[in-house]
Amino acid sequence: MSKETDELRLLRMRKLLELQKRKLLEEARRKESKGQDPYSIFLKLLTSDGKKLFENALSQYPLQAKKIGETIGKLYLLGKIRGRLDANFIYGIFYELGFPIRLETKIVYKKRGEVKSISEMLKEEE
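Residue numbers for the sequence shown follow this note's numbering, so the first one is 21 and each next one is one higher.
Treat each hint with caution, since some may be false.
Said to hold, decoys possible - Below, simulated BS3-like cross-link-like pairs (lysine-lysine); rule was C-alpha separation at most 27 Å, straight line:
| no. | residue 1 | residue 2 |
| --- | --- | --- |
| 1 | Lys126 | Lys41 |
| 2 | Lys64 | Lys86 |
| 3 | Lys71 | Lys35 |
| 4 | Lys131 | Lys143 |
| 5 | Lys126 | Lys136 |
| 6 | Lys35 | Lys23 |
| 7 | Lys72 | Lys87 |
| 8 | Lys94 | Lys71 |
| 9 | Lys94 | Lys41 |
| 10 | Lys71 | Lys87 |
As the list claims (entries may be wrong) - Label-pair restraints from in silico Cβ distances:
| no. | residue 1 | residue 2 | range |
| --- | --- | --- | --- |
| 11 | Thr125 | Leu45 | 47 to 55 Å |
| 12 | Leu117 | Leu37 | 13 to 21 Å |
| 13 | Gly118 | Ser68 | 22 to 30 Å |
Worth flagging that the hints you see were computed from the coordinates, not collected in a lab.
Even glycine gets a Cβ: it sits at the ideal position worked out from N, Cα and C.
Construct all of the structure, not just a fragment, from the sequences and the given hints.
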């Protein structure tokens with residue numbers, strides 16, 4: 021009987037030690053994630069085209085864009101979002117939330133190696 025109780029005691033101690041290690045690791049992760057600013061994490065996740073589009077969003081919707089950036093950063097810290105964030109992702113998020121990002125578009129006309137914008141062509145016709 022004493023041999024079995026000693027083995028059980030050892031198993032319990034090992035299990036307790038393992039649980040303590042897990043708890044310490046989890047607390048360390050929490051402290052690490054609390055030290056990081058979700059908005060700065062969000063900015064690091066953006067691809068180059070995502071950054072350009074987010075800059076457009078900031079100029080059009082400054083308060084909302086910062087709040088959305090913080091929220092996406094928090095979701096990344098929680099593990100709900102993974103990977104890099106491109107322009108399609110950013111545009112989709114803002115569009116779904118009711119903040120469509122207006123983009124600068126140009127229509128060009130090519131003829132005989134000459135490139136002209138539509139506004140230049142209309143001016144020439146007048």
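Verification of the supplied hints:
no.	hint	verdict
1	Lys126 to Lys41	violated, 59 Å
2	Lys64 to Lys86	holds, 14 Å
3	Lys71 to Lys35	violated, 47 Å
4	Lys131 to Lys143	holds, 16 Å
5	Lys126 to Lys136	holds, 10 Å
6	Lys35 to Lys23	holds, 18 Å
7	Lys72 to Lys87	holds, 18 Å
8	Lys94 to Lys71	holds, 18 Å
9	Lys94 to Lys41	holds, 26 Å
10	Lys71 to Lys87	holds, 16 Å
11	Thr125 to Leu45: 47 to 55 Å	holds, 50 Å
12	Leu117 to Leu37: 13 to 21 Å	violated, 47 Å
13	Gly118 to Ser68: 22 to 30 Å	holds, 26 Å
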